[in-house]
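J.: Given chain A's structure and the hints, the job is docking chain B onto it.
There are 2 protein chains.
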Amino acid sequence: MTSALPAAAFPSSPSAIALRAGKRATLGVEQKLRLDCGVELGPFTLAYQTYGTLNPDKSNAVLICHALTLDQFVVETHPVTGKPGWWDSFVAPGKPLDPAKYFIICINVVGGCMGSVGPTEIDPATGKPYGLNFPVVTIADMVRAQAMLLDHLGIDSLFCVIGGSMGGMQVLQWASAYPDRVFAAIPVATAARHSAQNIAFHEVGRQAIMADPDWHNGDYYSHGTSPHRGLAVARMAAHITYLSETALHRKFGRNLQDREKLGFGFEADFQVESYLRHQGSTFVERFDANSYLYITRAMDYFDLAREHGGVLANAFRNCRSRFCLVSFTSDWLFPTPESREVVQALNAVAANVSFVEIETDKGHDAFLLDEPEMYKVLDGFLEAAASARGLKSRK
Amino acid sequence: MTSALPAAAFPSSPSAIALRAGKRATLGVEQKLRLDCGVELGPFTLAYQTYGTLNPDKSNAVLICHALTLDQFVVETHPVTGKPGWWDSFVAPGKPLDPAKYFIICINVVGGCMGSVGPTEIDPATGKPYGLNFPVVTIADMVRAQAMLLDHLGIDSLFCVIGGSMGGMQVLQWASAYPDRVFAAIPVATAARHSAQNIAFHEVGRQAIMADPDWHNGDYYSHGTSPHRGLAVARMAAHITYLSETALHRKFGRNLQDREKLGFGFEADFQVESYLRHQGSTFVERFDANSYLYITRAMDYFDLAREHGGVLANAFRNCRSRFCLVSFTSDWLFPTPESREVVQALNAVAANVSFVEIETDKGHDAFLLDEPEMYKVLDGFLEAAASARGLKSRK
Chain A
8 MTSALPAAAF
18 PSSPSAIALR
28 AGKRATLGVE
38 QKLRLDCGVE
48 LGPFTLAYQT
58 YGTLNPDKSN
68 AVLICHALTL
78 DQFVVETHPV
88 TGKPGWWDSF
98 VAPGKPLDPA
108 KYFIICINVV
118 GGCMGSVGPT
128 EIDPATGKPY
138 GLNFPVVTIA
148 DMVRAQAMLL
158 DHLGIDSLFC
168 VIGGSMGGMQ
178 VLQWASAYPD
188 RVFAAIPVAT
198 AARHSAQNIA
208 FHEVGRQAIM
218 ADPDWHNGDY
228 YSHGTSPHRG
238 LAVARMAAHI
248 TYLSETALHR
258 KFGRNLQDRE
268 KLGFGFEADF
278 QVESYLRHQG
288 STFVERFDAN
298 SYLYITRAMD
308 YFDLAREHGG
318 VLANAFRNCR
328 SRFCLVSFTS
338 DWLFPTPESR
348 EVVQALNAVA
358 ANVSFVEIET
368 DKGHDAFLLD
378 EPEMYKVLDG
388 FLEAAASARG
398 LKSRK
Chain B
8 MTSALPAAAF
18 PSSPSAIALR
28 AGKRATLGVE
38 QKLRLDCGVE
48 LGPFTLAYQT
58 YGTLNPDKSN
68 AVLICHALTL
78 DQFVVETHPV
88 TGKPGWWDSF
98 VAPGKPLDPA
108 KYFIICINVV
118 GGCMGSVGPT
128 EIDPATGKPY
138 GLNFPVVTIA
148 DMVRAQAMLL
158 DHLGIDSLFC
168 VIGGSMGGMQ
178 VLQWASAYPD
188 RVFAAIPVAT
198 AARHSAQNIA
208 FHEVGRQAIM
218 ADPDWHNGDY
228 YSHGTSPHRG
238 LAVARMAAHI
248 TYLSETALHR
258 KFGRNLQDRE
268 KLGFGFEADF
278 QVESYLRHQG
288 STFVERFDAN
298 SYLYITRAMD
308 YFDLAREHGG
318 VLANAFRNCR
328 SRFCLVSFTS
338 DWLFPTPESR
348 EVVQALNAVA
358 ANVSFVEIET
368 DKGHDAFLLD
378 EPEMYKVLDG
388 FLEAAASARG
398 LKSRK
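In order, the protein sequence lines correspond to chains A and B. Under my numbering, the first residue of the first sequence is numbered 8, with each subsequent residue one higher. Under my numbering, the first residue of the second sequence is numbered 8, with each subsequent residue one higher.
Chain A with its partners taken away, still in its complex shape:
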């Protein structure tokens, strides 16, 4: 009658990181990255993947910004999990983001654990993993680093920046901070600031990690341990927020797992318990606990209006991008009113903005799923934007 949480954990040796990183670039050699916290970072590494070919005009580049626990492996098999890319149904021939038409880039965020600089990486000052010596980063820092990589790749202007959840926060930050570099912006299932309830859920996850004695104040790398039990609990709590109550009821209800009767113990009697435990135990095999602390913190800190005198519209005052926002009716993590606030701010500066709320019971995770209506909306928006940008239609 014990916990079903896993014994395995995410490897964080430099060789393990190199194996899982894919493409990498060293940035910030001549000019460092100045972070919001005041620290200057450099040189530093960003890991990224690209799909398709940059056209001679360099006008077909699309930046996909990934969510909290996702990474640059949008399409191909994931090097750690062996699973298909997380958005391979959306980025594919004949789909809204067709690599035959676009040059698609996805960059592991600063603070991440798939090859970009973050707490698992070696701190050049000490020769040991950063751990909690890594500076706390923000969404704006992530975006600034991405802009440096695009400079490095010789890409001045992006045809489109797209992302869901934390990816959507980066999209908003891109459009605000680099109004001349973004032709079209697609923030999906996101918000211009993280709500009190969302901060609260993140704080539960962080406390679960920090309460794990194997966390060792963030220095578990040198102790040969990993706070995988705490991280699994954090993931379980977060995972509930990614689904809707209706979806949980539809998928699991009160169905029992591999048994006909209640077990009168603390094993997973119900399918929903078994499912959640599985989510926790597989997550720790592909994610670093400190990265989870840093990235959740970046989301909590995000508040685009605050940087602009408390008026969200000011964040978009110089913006000439065209926007398409998408929200989902059953998303209670980033509910529709949060998208509407962004739409209202964009309307206040007479921006070119479309907004669609999609009816679905799949909750926040709908942005990762094959939602036909979302695909139709985004396909139409992208086709029209591509035409305006002078890109050849693929149809």
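Worth double-checking, as some hints may not be accurate.
Stated by the list, open to error - Derived SDA-like pairs (lysine to any residue); straight-line CA-CA distance at most 20 Å: (1) A:K268 with B:G316; (2) A:K258 with B:G317; (3) B:K258 with A:G317; (4) A:K258 with B:W339; (5) A:K268 with B:V46; (6) A:K268 with B:V318; (7) B:K258 with A:D310; (8) B:K268 with A:E314; (9) A:K30 with A:P18; (10) B:K102 with B:L61; (11) B:K258 with A:R313; (12) A:K268 with B:D43; (13) B:K268 with A:D310; (14) A:K268 with B:C44; (15) A:K268 with B:R41; (16) B:K268 with A:V318; (17) A:K258 with B:D310; (18) A:K268 with B:R313; (19) B:K268 with A:G316; (20) B:K268 with A:G317; (21) A:K258 with B:R313; (22) B:K268 with A:C44; (23) B:K268 with A:R41; (24) A:K268 with B:H315; (25) B:K268 with A:L42; (26) A:K399 with A:D64; (27) A:K258 with B:P344.
What the hints assert, rightly or not - Now the in silico label distances, taken between C-beta atoms and shown as ranges: (28) B:T88 with A:K258: 36 to 44 Å; (29) A:K268 with B:K90: 34 to 42 Å; (30) A:S361 with B:S96: 45 to 53 Å; (31) A:S361 with B:E366: 31 to 39 Å.
To be clear, the hints were calculated from the coordinates, so they are not data collected in a lab. The C-beta atom is built at its ideal place from N, Cα and C for all residues, glycine as well.
T.: Structure of chain B alone, referenced to chain A:
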């Protein structure tokens, strides 16, 4: 930059338990309590408190059923926390439950940690605390034990059974299992079965406790430890579900705690983080981690229809109680449709039933707060029921 979780924990020695128990009765000496899991329990102890005086007819007894982490100290100062009773605004002179009129009883549930038999209590078979050797109990078991205590007190029939959340589950179980013993039933903010999402949140809490190395497979009593870090995380996760997003936003928004600027660390920057940490750290001083496992399990197992051929109406077929159900618009833990299902089942057997959904942004916790509309509704219902029962009006 460490976790803010507490070092103190709930004392579970027999002397500590005796000090916090209040009134206690030993039951199950001649006839044991047969639990749903098949185990026979006895002799066993129930701790309870009473307020007011039983009238000569024994017709004025009101049973208050407490929620997950509450207890029998409804009115007076809590022996552990020193705080006022949890429902002293509702059970008071001139309030809906006036001790001048009613004989009010509240019993610590089986599995609890305020003096009733549960995992902290000494197992007579071993002379040591039960820990995980305590049998898994159900809501029906809790109610059966309560009925034994009422027999012991010579109370055959209850004027009213009332409770919110898990207390409401007990009310429904009482009306179903003892149709002749309940004149009026008031289930507040509750459901006839625990939903998949609620089971999921409970499972996160249990896993947080069981992931704490100080849990020692439930035998922390003999190790001189306590899984207080895991229990605090469990409480933090649960606490979010007791409030509404609106209430969190209204109370805290993105306000910073004791600082003007973001701290760029993992201390509690935001008030909502500080508040949650406080909820976690104070909870572990008044609650036992194993009790948390057992009581959440009892709630998860609750499914009144399942015991009656899958038809909820059958649970109330012999019921002659009058019902008043209350739900709250912003309660997302026990949302209004769950109460409506009970109302429909009661209507199907032509029961006498009132139902009120109260407009409030306070979430599930509204049932514990001074909600004027709820007080008005319940006062009216109780007055009418008392009159039908031949009890003198206090007005």
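J.: Now, for every hint given, state plainly whether the structure supports it.
T.: Here is how each hint holds up against the structure:
1. A:K268 with B:G316: Given pair A:K268, B:G316 holds - Cα atoms ~14 Å apart, limit 20 Å.
2. A:K258 with B:G317: 19 Å, holds
3. B:K258 with A:G317: Holds, at about 19 Å.
4. A:K258 with B:W339: 19 Å, holds
5. A:K268 with B:V46: 16 Å, holds
6. A:K268 with B:V318: 18 Å, holds
7. B:K258 with A:D310: 18 Å, holds
8. B:K268 with A:E314: 12 Å, holds
9. A:K30 with A:P18: 19 Å, holds
10. B:K102 with B:L61: 18 Å, holds
11. B:K258 with A:R313: 19 Å, holds
12. A:K268 with B:D43: 12 Å, holds
13. B:K268 with A:D310: At roughly 13 Å apart (the allowed maximum being 20 Å), A:D310 and B:K268 satisfy the hint.
14. A:K268 with B:C44: 11 Å, holds
15. A:K268 with B:R41: Holds, because 18 Å separates the two Cα atoms, which is no more than 20 Å.
16. B:K268 with A:V318: Since the Cα atoms of B:K268 and A:V318 sit roughly 18 Å apart, the hinted pair holds (cutoff 20 Å).
17. A:K258 with B:D310: 18 Å, holds
18. A:K268 with B:R313: 11 Å, holds
19. B:K268 with A:G316: 14 Å, holds
20. B:K268 with A:G317: 14 Å, holds
21. A:K258 with B:R313: 19 Å, holds
22. B:K268 with A:C44: 11 Å, holds
23. B:K268 with A:R41: Distance ~18 Å between B:K268 and A:R41 Cα, so the pair holds.
24. A:K268 with B:H315: OK: A:K268 and B:H315 at ~15 Å, within 20 Å.
25. B:K268 with A:L42: Given that 20 Å is the threshold and the Cα spacing comes to 15 Å, the pair holds.
26. A:K399 with A:D64: It holds: about 12 Å lies between the C-alpha atoms, which stays within 20 Å.
27. A:K258 with B:P344: 19 Å, holds
28. B:T88 with A:K258: 36 to 44 Å: Since the Cβ atoms of B:T88 and A:K258 sit about 40 Å apart, the hinted range of 36 to 44 Å holds.
29. A:K268 with B:K90: 34 to 42 Å: Given range 34 to 42 Å: holds, Cβ gap about 41 Å.
30. A:S361 with B:S96: 45 to 53 Å: Given a distance of about 50 Å, which is inside 45 to 53 Å, the answer is holds.
31. A:S361 with B:E366: 31 to 39 Å: 34 Å, holds
Consistency with the previously given hints is maintained throughout, with no hint failing.
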